[in-house]
Amino acid sequence: MLAKRLAPVLGLALAATLLAGCGDDSDNTDPAASDGSPGGVDTSQQITLDLAFWGNDVRAEMYEQAVALFNQQYPNIKVNQTFLAFPEFWEKRQIEAAGGGLPDVMMFDYSYLRQYSENSLLLDLAPYLGNTIKTDGFTEAALGIGVVDGHTTAISIGTNAWAMYLNNDVLSATGVSPYAGGTAFADYDAWMDQVTQAGGGTVYGGQDWSGRIQNFEIWMRAQGKDLFTDESEVNFTADELKAFWQAGQPCRDGVCVPQSKLEEVYPKSGFGSAQTASELTWDNFGASYMGDLGVEQTSLTIAAPPTYRAGAKDLYLKPSMMHAIAATTDQPEAAATLVDFLLNSEAVGAVFGTNRGIPASATQLAGVDLDPLSQKIYDYEQSITDRLGDAPPVPVVGYGTIEEKFRVLGTELGLGTVTVDQAVEQFMSEVDNVLNA
Amino acid sequence: MTTLSNQTPLKSAVAPRPQPPGHGASQARRELRAGYGFLVPWLIGFFGLTLGPMVMSLYLSFTKYNIFTPPRWVGLDNYIRMFTADPVFVKSVKVTLGYVVVGTPLKLAAALGVALLLNYFTRGSGFFRSAFYAPSLIGASVSIAIVWRAMFGTDGPVDSALTVFGLDLGGWVGNVDLAVPMMICLTIWQFGAPMVIFLAGLQGIPAELYEAAEVDGAGAWAKFRQVTLPMLSSVIFFNLLLETIHAFQVFGSAFIISNGSGSPGGMLNFMTLYMYKRGFADSQMGYAAAIAWVVLIFVAIVAALLFRSSKAWVHYAGESR
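Taken in order, these protein sequences are the chains called H and R. Counting from 1, one number per residue, gives the positions in the first sequence under the working numbering. Counting from 1, one number per residue, gives the positions in the second sequence under the working numbering.
Hints in this document: simulated from the structure, not taken from any laboratory. Don't take each hint at face value.
[Claimed, not checked] Subject to a maximum C-alpha distance of 30 angstroms in a straight line, what follows is the list of computed DSSO-like cross-link-like pairs (lysine-lysine): (1) H:K242 <-> H:K134; (2) H:K92 <-> R:K91; (3) H:K92 <-> R:K64.
[As the list claims (entries may be wrong)] Now the stretches of chain H that chain R is said to cover, found in silico as 3 or more residues with beta-carbon under 8 angstroms: (4) 190–199; (5) 407–414.
[Said to hold, decoys possible] Residues from chain R shown here face chain H by an in silico Cβ test under 8 angstroms; the list is partial: (6) F83; (7) T84; (8) P87; (9) G171; (10) S283.
Where is the CB? At the ideal position from N, CA and C, for every residue including glycine.
Generate the whole structure from the sequences, applying the supplied hints.
Printed below as a string of structure tokens:
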């Protein structure tokens with residue numbers, strides 16, 4: 001009976017075993033082994049490709065249309081599409097990766113790129129770049145983003161940058177003028193305090209910015225340091241992190257929305273639930289905020305984030321999402337053809353708009369009819385060129401875990417369940433665990 | 001048949017024909033083989049799906065295993081890390097134990113209370129029995145967890161109702177102090193399954209015992225203390241054991257209500273949820289396997305303690321004391 005009742009607990013053991021049993025296959029995923037030589041896809045042969053992406057029904061509909069356009073040119077290539085929400089997408093990929101069954105073409109996230117590349121799970125795209133996958137529309141910087149240890153294993157679909165969204169509807173109700181952007185963090189706090197005071201307990205200036213690792217990143221980059229080195233070593237000290245979290249104290253002491261209110265709406269943010277007037281986030285989040293808030297595009301504006309030091313090159317452009325091909329694909333040429341179409345086609349650009357970020361490929365961008373919000377995102381990225389520095393090294397293996405730990409500790413600081421010292425100790429210990437996993 | 005009709009049918013039954021040496025043994029072997037043949041499906045399941053994975057997970061618990069690269073032996077590191085360098089795990093143990101220790105007795109008390117009422121008031125008891133049992137069937141579902149989240153949110157029905165009575169607690173979902181009580185309310189609400197078992201137990205208590213007690217002048221409380229509880233003790237033990245183990249496994253509702261985060265402040269980060277996150281979100285399968293074993297050991301210890309204590313308070317019918 002005990003064993004029966006414990007079945008769910010033992011489920012993990014089972015899953016782990018199945019994974020372990022399949023794990024050895026992944027050794028055979030040497031990119032060279034499945035490296036078909038490019039020379040145009042065979043149009044006489046029936047080919048089936050699996051395509052996986054994350055997103056929602058809206059994006060799925062867009063991919064549906066994009067694939068239909070692809071099939072007009074390549075009727076012999078059948079594309080099976082699957083999509084999931086972001087966390088589930090990666091849980092599924094992790095298990096497939098262990099079993100050697102990754103989909104031929106995947107939407108890919110920057111934070112997993114090193115892990116998958118270093119384990120030879122992604123096809124080295126070098127033989128296809130410049131021929132099957134056209135690169136004329138991409139800048140050197142955009143192409144360089146998908147390079148791990150000298151191999152290009154993914155290509156940016158679009159780029160984004162760290163930014164601040166402002167909700168004009170909320171602001172006009174409080175009578176406070178919008179945040180100017182690019183000030184010191186303390187000045188941003190002062191601005192948020194005005195909104196919070198005017199909001200009378202229902203609307204707040206923003207949420208605790210020290211709970212996001214991206215803000216710590218720009219804080220450190222303004223001091224000339226990325227969070228991790230090229231060799232995946234920690235590049236900040238416990239004291240630096242402590243100073244950062246201490247700087248967030250005014251926010252937690254009443255300037256920002258209380259964490260307990262945010263817990264109730266998670267995974268929506270304070271901004272997405274119309275409780276705050278501002279939020280620091282990636283600039284391509286506008287469309288999802290519009291969905292959350294049910295507002296018009298004109299209600300949202302974008303400003304530059306506050307900075308630790310005026311004049312610093314603390315921001316950078318990163319891929320909002322990428323496309324990659326599994327090293328195990330039987331059809332590398334067809335997969336590369338599909339990737340090229342999804343990245344470069346003007347018609348595909350017209351289908352997606354900025355749903356996947358501002359297109360990294362100029363050819364695709366030409367097809368995009370920028371709506372007012374997309375135009376704001378585009379203008380924002382143009383406006384911060386003085387603050388754009390070199391992109392940091394490709395995120396360390398396990399970056400997703402580190403980022404989530406940072407977020408959780410931020411919420412705990414807000415709830416008062418840990419002190420800054422305890423949070424620093426826990427975070428450094430977690431980073432150590434992840435980097436030495 | 002015609003040849004057999006000349007024989008006394010009973011004869012062969014009473015005095016079997018002498019068998020050649022070894023015949024009985026071979027039949028026994030055949031029966032044994034047939035027995036094992038019938039057992040094969042179960043044995044495959046047991047070794048392939050239960051014992052094998054358990055052994056594997058025990059091995060993995062002594063390794064670092066990120067799914068992508070082969071497991072690396074680290075000895076007791078995972079277990080040491082759990083108790084010395086992972087305050088999140090220690091907190092998840094405390095939260096889980098709090099939930100089990102408070103939630104299980106309350107649930108059983110509710111189940112017993114309602115079972116007593118249903119046993120006493122027989123009118124419409126069939127309807128009420130079904131009505132009270134229904135939450136047990138749907139309580140673990142995703143939809144109920146979502147409903148719970150909405151009910152206990154700020155300005156949700158619970159908050160509004162309490163405010164009417166002057167208790168302005170705000171939302172429970174985001175409140176560090178009220179998140180676990182909210183989960184306990186959810187488990188109490190699912191008292192139907194133990195209630196049905198209690199009811200069966202109550203109906204099995206001979207009416208003569210109550211009559212005898214009444215003759216001796218026992219009131220309602222004395223009858224409950226002196227007759228019902230002792231006669232029901234084996235059922236109480238059964239329910240207690242089952243519900244305790246069940247409580248240790250709380251996962252789905254905590255996952256949905258906290259959106260997989262274990263928030264607020266780790267108060268819904270039960271051991272099972274933490275194990276899942278370590279394994280599947282963080283790809284720390286070795287560490288997750290170690291947590292699985294610690295959960296198993298916790299459950300085994302609690303079950304052993306319950307069995308041990310049962311000698312002192314559980315009375316089985318027909319047992320001399």
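Here is how each hint holds up against the structure:
{"no.": "1", "hint": "H:K242 <-> H:K134", "verdict": "46 angstroms, violated"}
{"no.": "2", "hint": "H:K92 <-> R:K91", "verdict": "29 angstroms, holds"}
{"no.": "3", "hint": "H:K92 <-> R:K64", "verdict": "21 angstroms, holds"}
{"no.": "4", "hint": "190–199", "verdict": "violated (count 0)"}
{"no.": "5", "hint": "407–414", "verdict": "holds (count 3)"}
{"no.": "6", "hint": "F83", "verdict": "14 angstroms, violated"}
{"no.": "7", "hint": "T84", "verdict": "10 angstroms, violated"}
{"no.": "8", "hint": "P87", "verdict": "6 angstroms, holds"}
{"no.": "9", "hint": "G171", "verdict": "5 angstroms, holds"}
{"no.": "10", "hint": "S283", "verdict": "6 angstroms, holds"}
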